[in-house]
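A.B. asks: Given next are the chains, with one letter for each unit.
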Amino acid sequence: MAISSLTCPPPVRRAARTTSLDYTLLHSAVDRYVHGDYGPALAETFAHLFPDHEVPDLESHDFSFVQGSSRVSVRASDGMLTVSVPLVRLTEETITTAALRFVLTNISAAGQLYQPCLRGDEIYLEYTDRLTRLHPYKIREVLRRMPVEADKNDDWMVAEFRCAPLGREPIESLSTEELERAEHIWRTHWDEVDELVKESQRMRSLFFLNEITAYAIHHVGYALPLSGYWWSRISASGDTFNDTNVDPQTREASLSRCVKEMKAVTRESLQESLGHAHYAISPHAEGTEKILSANLGPEEYLDSIVRMHNGGRYMEAAVGLIGTYNYLLARFSWPLEIEEMMVAGLAEATEKPWRAAASALLEHASTLMDAASESEEVPESLEEDDETEDDETEDDDSEDDEVTT
Amino acid sequence: MTDFDIDAVGVFQIFTGGGTGSGFLIDERHILTNCHVVAPYNRVAVELRDRRRIVGEVRRLNPARDLAVVELAVPLPFNILPLSAEGELRAKQPVSILGFPVGLPLSLTEGVVSHPRQLLAGQHYLQTDAAINPGNSGGPILDAALQVVGVTTCKHRSAELVGFGIPSPDAVRFVAAFREQTATFGVECPACEDLIEHAQRYCDSCGSNLETLDVLRHFETPDPHPVVAFVEAALSRADIDPVLARHGDQNWSFYSGSAPIKIWCCCSEHVCFSSPLAQPGKRSIGELFRFLLSPDHAPFSFDLSGNVIRLNLTIHMADVFSPGSGGDQSEHSDWIAQFVGRADALDNLLIDEHGCRPAPETQLTFLKEGEGAH
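Protein chains in written order, with our numbering: chain X, 1 to 405; chain W, 1001 to 1374.
So here's chain X without its partners, still in its complex pose:
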């Protein structure tokens, strides 16, 4: 029987509640750096990034913090600052050549300040720079991205290449009740995505394919405290099925393979990838009005959803809206009030027939936008939003019909 609704249960994942970052500190740090005041610039940059931590004088004391399964060490000596994260250790059991090729192919890269390195048999991610050259933006980039990279790859390398964990931080296990719920969410999710893939094959709609591929990733990302091997597997498949530049048939095939693989995961294996991780720096970007508006405001995307809803294409509209709510909850951190509203919105749509789910979420989105614009806790936009926009801006071609070659 064709799928007639989606399940949107309350998440097992705990939202990362961190204090909002004080951007005046970052701007002040940049100002100090430009004027050659390097020590205070460094201190203010760390104060900006770690509002909930007491950061010592970095020029005389080491500092470390936990990001998921990774512990990041910051050490200054001889006028240099080194930031490092242990990744894994190579052992006699390790498929060494494959592991090192993976590091060189997937973790080393042009265009990133930190790089992996091999010290004896231990692999680290490292960044070293002169204290007088530590522009706050460089530190911010390294401290945000490098631990995410380590957190993403350490468990994968242990499972895939039989590496040994290295300096791995423990992750809080789920309670029995949480594990029950997590497994139920997992099984229901992949069963539903399986049905959605069949609908996509029947409909041959690129819009619908985009929506279900995004939903496949973001629902588990939001609902489950998933990391380690299975999260890496989903992300690796998602690089294909969620990439709109890849041809639709390849994406559909990749998603089908992923669904099959995820449905076969045993409870014991899933349990190893579940746990409540702690992050000193929020792994999620701060949610802003601008982001909400781009996804649920009166812009092109929502216009398409409304047209589908009005045209009787309820399933596409409902899956699109449920997927968008999951995306916003999975990728961004929101003030409690806004997050609770989004969760409530999903609760209104859960297991409802497509038409009712779409109607409920369309109405809810409007209320949510109003609440966000009235809330003093939701910033309009952040520097990061603008940076992202710059990166994604396409070349502005002229409107002339003739184009020089």
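If you are wondering where the hints come from, they were derived from the structure by calculation, not from laboratory data. It should be emphasised that the depicted structure is a prediction, and the values quoted were computed from it without experimental measurement.
List time: in silico SDA-like cross-link candidates among lysine to any residue, alpha-carbon distance up to 20 Å:
#  : chain 1 : residue 1 : chain 2 : residue 2
1  : X       : Lys198    : X       : Ile3
2  : W       : Lys1282   : X       : Thr105
3  : X       : Lys260    : X       : Thr188
4  : W       : Lys1282   : X       : Thr96
5  : W       : Lys1282   : X       : Ala98
6  : X       : Lys152    : X       : Ser269
7  : W       : Lys1262   : X       : Leu113
8  : W       : Lys1282   : X       : Phe102
9  : W       : Lys1262   : W       : Val1243
10 : X       : Lys152    : X       : Phe102
11 : W       : Lys1282   : X       : Arg101
12 : X       : Lys152    : X       : Pro170
13 : W       : Lys1092   : W       : Leu1108
14 : W       : Lys1262   : X       : Thr105
15 : X       : Lys290    : X       : Ser304
Part of the chain W face toward chain X, derived, beta carbon under 8 Å:
#  : residue
16 : Cys1266
17 : Cys1267
18 : Glu1269
19 : Gly1286
20 : Ser1294
21 : Ala1318
22 : Asp1319
23 : Gly1324
All C-beta atoms, glycine included, are put in the ideal place defined by N, C-alpha and C.
Use these hints to put chain W onto chain X, whose structure you have.
C.D. replies: Relative to chain X, chain W alone:
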């Protein structure tokens, strides 16, 4: 078209800080191309078949007819394609286009004359259905007798197989005028086509306002973007002529010995330096990978792109725009110089000591494959 040796023909790729295009010899020392291919640069790079580049000085521009003459630093002994003085083309007459579409090596596409004198925006063009793509600009359009009947210039944005060339009589007049003149550099007035030798508000001959006709910018060298200034200053310190390294907007490519070097801005935050050096061999790969991941290479690093080993260096924009250490960028310039030197040494080391094979792009491979070419 018979007995046509594409490797012997005098058509070359032109590189500037704005992009790439094509151009063809009108004699051993001069290349004809489009104005939009070279402007606003007064020095450009011309790449030969063996990938060596030589400097070309821009001597003449005609912005209205989109033509330019570039003088080469050395004469090039390649086949010169004659410019057809006759403009009597007919629809359906076969034509071929030579050039470097989308950065590919010299390529030929074929089609027919769709219209011999299509009127567009007050100018006549040779219209053809032969495929024209970015990079073809400035290349020759040939008839069956291998005479140049047009200079490729543009295509219709929203239509397939609608391309345009400057008719050869216009090119013949432009080249003839250039040969009669003695000025080192000049721009033809868009209104009367008389030569303007210096930046001046009005044309001496026809009185046109050259400022409003956008001629004056051809006499000015625009200030480079800070990233361009930073990279090119560093390249100069490494004894690399930046003009020969330019490969479009904030992109550079050149060879350091046998090692290809590529420089580009991957995002708004980083300037990337990368050199594809070699491919792993079949033995001791584990040892090779350990060598590549050694921390001793810092600030440089290696990665694998497909099966090609690349040497990389990343410089943050903050070091370009707000360098620390009292605003001194010299340490980064030193890194760039070291990067250029190391890339040349490392490809040999990887092959000699780690059993690697040359990467497809290395000059070493190219020279072996290119034996016998001009």
